[in-house]
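Chemist: Each chain, written out:
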Amino acid sequence: MGICSFAILFAVALGCSGPGAVGSIRFAKARPVWRVDDQAPLAAAPRTTHYYPALYQLDSAFARRAPRAMELRADKPVLDINSLDEVPDSTWFVNRIGARDLTVEELKRGPNLESSPFDHRPWTIIGTKLGGNALGFRFEDALHRKFLLKFDAKELPELETGAHIIAHRLLWALGYNVPQDHVGYIRRSDLVIGGKAAKQGLDDAKLDEALKSVYVREDGQVRVLASLFIPGTPIGPWPQEGVRKDDPNDVIPHEQRRSLRGQYPIFAWLDHTDMKDDNSLDTFDHGHVTHYLLDFGKALGVMGTSEPDEANGHRRRWDLPAAMVDLLSLGLHTHPWEGIRQPQLRGVGLYDVEHFDPAGWFPVFSYWPLLDKDRFDAFWGAKLMMRFKPHELAAIVDEAQLSDPRAAKYLVDTLMYRQRITARYWFDRVAPLDAFTIDASSPQPTLCFTDLTLFYLLRDSTTTYAIDTFDQAGNATGFAASAPAGAKGRTCSAIPLAPGPDDYTIVRLRVRRDQHEMPPVIVHVARVAGQKLEVIGLRRR
Amino acid sequence: MRCLVLLTPALLAASASAEPVSLVAPTPSEPPDPVDPPAEEVPAPRPDHASGVVVEDESTTSERARVLPRALLFLPRIVLFAVVQPVRAGAYVFQRYNLAERFTDATFTDDRRFGIYPVANYAAGFGFMVGARLLYKDILGDGERFKLRADYGGQFRYAVGAHLGTGTRFGRIRFEADSSSERRPREQFYGIGNGELTTTLPDQPIDPSLSAIAFKSRFQEDVLRNVLTANLRITDRLQSRTSSALMIRKFDRAADMDITEAFDTSKLTGYDDGVRNIYVENELIYDSRRPASPYATQVLDGTGWLIRGYGGIARGIDKDPSKYFTYGGEIQRYFDLYQGTRTFTVRAMLDAVGGTDGRSDGRISFIDLPRLGGAEYLRGYPSARFRDRAVVLATAEYNWEIMSHASAFTFIDVGEPFAAYGDLGKNPIRVGYGGGIQLHTKHTFFVRLQFARSRDGDTALNLAFAPTFGRRERAGRF
Numbered sequence: 004m005g006i007c008s009f010a011i012l013f014a015v016a017l018g019c020s021g022p023g024a025v026g027s028i029r030f031a032k033a034r035p036v037w038r039v040d041d042q043a044p045l046a047a048a049p050r051t052t053h054y055y056p057a058l059y060q061l062d063s064a065f066a067r068r069a070p071r072a073m074e075l076r077a078d079k080p081v082l083d084i085n086s087l088d089e090v091p092d093s094t095w096f097v098n099r100i101g102a103r104d105l106t107v108e109e110l111k112r113g114p115n116l117e118s119s120p121f122d123h124r125p126w127t128i129i130g131t132k133l134g135g136n137a138l139g140f141r142f143e144d145a146l147h148r149k150f151l152l153k154f155d156a157k158e159l160p161e162l163e164t165g166a167h168i169i170a171h172r173l174l175w176a177l178g179y180n181v182p183q184d185h186v187g188y189i190r191r192s193d194l195v196i197g198g199k200a201a202k203q204g205l206d207d208a209k210l211d212e213a214l215k216s217v218y219v220r221e222d223g224q225v226r227v228l229a230s231l232f233i234p235g236t237p238i239g240p241w242p243q244e245g246v247r248k249d250d251p252n253d254v255i256p257h258e259q260r261r262s263l264r265g266q267y268p269i270f271a272w273l274d275h276t277d278m279k280d281d282n283s284l285d286t287f288d289h290g291h292v293t294h295y296l297l298d299f300g301k302a303l304g305v306m307g308t309s310e311p312d313e314a315n316g317h318r319r320r321w322d323l324p325a326a327m328v329d330l331l332s333l334g335l336h337t338h339p340w341e342g343i344r345q346p347q348l349r350g351v352g353l354y355d356v357e358h359f360d361p362a363g364w365f366p367v368f369s370y371w372p373l374l375d376k377d378r379f380d381a382f383w384g385a386k387l388m389m390r391f392k393p394h395e396l397a398a399i400v401d402e403a404q405l406s407d408p409r410a411a412k413y414l415v416d417t418l419m420y421r422q423r424i425t426a427r428y429w430f431d432r433v434a435p436l437d438a439f440t441i442d443a444s445s446p447q448p449t450l451c452f453t454d455l456t457l458f459y460l461l462r463d464s465t466t467t468y469a470i471d472t473f474d475q476a477g478n479a480t481g482f483a484a485s486a487p488a489g490a491k492g493r494t495c496s497a498i499p500l501a502p503g504p505d506d507y508t509i510v511r512l513r514v515r516r517d518q519h520e521m522p523p524v525i526v527h528v529a530r531v532a533g534q535k536l537e538v539i540g541l542r543r544r
Numbered sequence: 152m153r154c155l156v157l158l159t160p161a162l163l164a165a166s167a168s169a170e171p172v173s174l175v176a177p178t179p180s181e182p183p184d185p186v187d188p189p190a191e192e193v194p195a196p197r198p199d200h201a202s203g204v205v206v207e208d209e210s211t212t213s214e215r216a217r218v219l220p221r222a223l224l225f226l227p228r229i230v231l232f233a234v235v236q237p238v239r240a241g242a243y244v245f246q247r248y249n250l251a252e253r254f255t256d257a258t259f260t261d262d263r264r265f266g267i268y269p270v271a272n273y274a275a276g277f278g279f280m281v282g283a284r285l286l287y288k289d290i291l292g293d294g295e296r297f298k299l300r301a302d303y304g305g306q307f308r309y310a311v312g313a314h315l316g317t318g319t320r321f322g323r324i325r326f327e328a329d330s331s332s333e334r335r336p337r338e339q340f341y342g343i344g345n346g347e348l349t350t351t352l353p354d355q356p357i358d359p360s361l362s363a364i365a366f367k368s369r370f371q372e373d374v375l376r377n378v379l380t381a382n383l384r385i386t387d388r389l390q391s392r393t394s395s396a397l398m399i400r401k402f403d404r405a406a407d408m409d410i411t412e413a414f415d416t417s418k419l420t421g422y423d424d425g426v427r428n429i430y431v432e433n434e435l436i437y438d439s440r441r442p443a444s445p446y447a448t449q450v451l452d453g454t455g456w457l458i459r460g461y462g463g464i465a466r467g468i469d470k471d472p473s474k475y476f477t478y479g480g481e482i483q484r485y486f487d488l489y490q491g492t493r494t495f496t497v498r499a500m501l502d503a504v505g506g507t508d509g510r511s512d513g514r515i516s517f518i519d520l521p522r523l524g525g526a527e528y529l530r531g532y533p534s535a536r537f538r539d540r541a542v543v544l545a546t547a548e549y550n551w552e553i554m555s556h557a558s559a560f561t562f563i564d565v566g567e568p569f570a571a572y573g574d575l576g577k578n579p580i581r582v583g584y585g586g587g588i589q590l591h592t593k594h595t596f597f598v599r600l601q602f603a604r605s606r607d608g609d610t611a612l613n614l615a616f617a618p619t620f621g622r623r624e625r626a627g628r629f
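Going line by line, the protein sequences match chains A and B. Counting in my numbering, the first sequence runs from 4 upward without gaps. Counting in my numbering, the second sequence runs from 152 upward without gaps.
Among the hints, a few may not be true.
[Claimed, not checked] Heads up, simulated SDA-like pairs for lysine to any residue below, C-alpha to C-alpha not over 20 Å straight-line: (1) A:Lys79 <-> B:Val206; (2) A:Lys209 <-> B:Asp289; (3) A:Lys209 <-> A:Leu138; (4) A:Lys79 <-> B:Phe225; (5) A:Lys209 <-> B:Val206; (6) B:Lys593 <-> A:Lys79.
Derived by calculation from the structure, the hints in this document are not laboratory data.
Turn these sequences into a full structure, and let the hints guide you.
Modeler: Following this line, the structure appears as structure tokens:
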């Protein structure tokens, strides 16, 4: 965490001394945008991109990382946000749990709107899985829908399939596009070798031999993950940086997308260390490109178990600066992950609370959007992540069909604890005020907001809010007040409107927690279309 | 960092590791209302027009502060970028065109059991080697293996050989047969004994049977080597290894730094007439070395013991006067210092021959004398720097992980060649030290880059493709 934290804090320190008290940013007197149009029809599918592991690792370790670090580009702002610092719906991200409560049934179902292939057997194998090292096949169910078929390794029962399903459901609920994935058990007799696969040399003997390496339950049933082919034409992973130049809808550099940068706390929570180009996929469908996340089977510490690598989630695979430190220190300093041990529970990976550092988490390979994330991106992700309630987490873990109830409980508890640790860390780095509303029904408008740290009981601190206001030109109106935190973190304060067109008023809110003042949040209020007073924008500092 | 935290004191209080979060605090039953409920916008704007910002924020102080460092780093960045592009291009071409798979497809059968393929490598001091291999794996389904090799260049003028291993076909007993014919044009000879190295060519050739003066020279060796080995696995950790070797060797002048310029080779047993002998040896090995943690790489040991002892006899054939016996042993102990990621290893080793004075009685050729020096035994000294009736070596090495796929090591080797046990300690003790880096994955060892220096001023940079403390075959090793 050292250097990154230093950089973040340095940026905070310098940023605080930047432009005037409320900055120069101004918003249109309009409602926030919650949906963008990035689905304009294209004349042709964009060029297919490819993933080359050796080149990817080389870039991740040095060839791109070093020149990139020398660009000193850490504080490039995100560009896919609306005036409320939120991410509107797009082909990248759809507000789900961040916009409304999802029912338990929705959470359990995830994106699986079509019927389960387990209800439509036998499955006809049409070929082997493309890409990756693990055993897998492509098959058609009885409805002639195409799926990928994956297994658990014999020595790691329920592990990858379980982790995949849990992360899959959570990421869908958070707003990401994922395939329709199902876990369950089949019998060997449910698998039929199709003509195409037979032509490629697959026969029953080879299939039986292959299945010897996968987990089979005592009753002879094979645990499998079936992933429905994503609709449209696959055109490869999205680039980590820049845009697809032949996709006119792709106008925001990917490393400047909050929907990607904000994944940092989410992936840290889930220990999804296998985020790399190969686990993203763009498809061309209905004349435009849609962006999917894939393959979560190494999340929840499974990467650490299957490699095995106790530093998983704590250290990049090829981290040359960190290696230099270790080299020069002769290994005399210990690392925080050392001593972590595998919970002896079937279906649970190297996933714990004790060794978890929400800011010291790393994917296996450098992933530039995660590397470029700032406090605000992380706050956004953490805020989304916190919306899962314990019983919802339990319902999602239940979808993994783990045979040991202790494993399910362990995972729910660990998810919940890491969720809270992660949120507290990032909520401490910005003013964690959210859900702003303004009530203009009384003579003096009232601005209300929720302090997420207090709401989620992440800290038991004496908290007050210093509030002052400015006009559209940024001049102080002379109003200054202090308000104590309200019940359940919800606080309201009357504010006078600043003189000027449409009552454009800028409110500065400073959180004072246990005598410590946090960086402010600047809220912009104005009459939309000259009528209703609304919150038209906000930025955290 | 702390001074910065003072600017935003809440951040210090917020340190995640400093204070555990209240894990028992229940999450409130209902989360707060989410941000504004999504409203329909018709039409939705383009993605880069959604921010609602009409006046941008001015650039911050931090942004301005980067201008100068960016300018300073511009040129180095461009240079670095240019330097790495050929490497990137190589990686791209390698994978874009599936070169590894194409190579295997072209050189191996579909089941990958039989193949003929070229090899090449570079050895410091010997130059480039090219060659070819014929490999037939799993011949009868029990891991049997047959290999033919042919090399040219590098350490060899030429080398051809064949190897046959029985795998697990005979259960606990594994047989191996190895036969090769090599011409080594640049073998090194420094004399016999523990003498100091001189760089001044002596007026009179050195009699190596009487004088221990060391001088760097080279000779050519033609060797025909036939080795049969039977490995009996008694338990998982205990095995007996019986080996026999038929060695036929002839020696000749080297193209440069020839041995005859410095040494009187007529006094060097075996040099003029060559060596034809049979060697038979039995070695008992207890080996409990293993990785100390499942999370550490499985190709480097982190705990356990290696204890081995051997005895052997050699007899000349076709009037060759070889008649001596060998004995010796080695103890290695691996100490796991911390979680399998820091390992301290000590090693003590004795190699000796008996039944001969090792010099002038004609019973043992100079080529069969125990040696020290090179990349493994008494590192820091050149290969074959010391040879005598017996050699002892003690090693201490510390190994620590620096990445998941890399570790570093530092070591000290202490050794001494001697003619009689009474001489032990009377002559200078040779010390080599150094360190290096080893690259590996969890299950494959790639390379060891080692820098070593001796107390006498020698330096060596070695590239090896096996860990330091691997156990080597003894019979026919020279």
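Chemist: A separate judgement is required for each hint: does it hold in the structure or not?
Modeler: Going through the hints against the structure:
The hinted pair formed by Lys79 (chain A) and Val206 (chain B) meets the criterion: a straight-line CA distance of about 17 Å does not exceed 20 Å. For the given pair, Lys209 (chain A) sits about 18 Å from Asp289 (chain B) by alpha-carbon distance, which is consistent with the 20 Å threshold. Taking the CA atoms of Lys209 (chain A) and Leu138 (chain A), the gap is about 12 Å. The hint holds against a cut of 20 Å. Restraint check for Lys79 (chain A) and Phe225 (chain B): the C-alpha separation of about 18 Å stays at or below 20 Å, so the hint holds.
Restraint check for Lys209 (chain A) and Val206 (chain B): not satisfied, since their Cα atoms lie roughly 66 Å apart, outside the 20 Å limit. Note on Lys593 (chain B) and Lys79 (chain A): the hinted pairing is violated, with a Cα-Cα distance of about 37 Å set against a maximum of 20 Å.
In the structure shown, a violation is registered for the earlier hints numbered 5 and 6, in ascending order.
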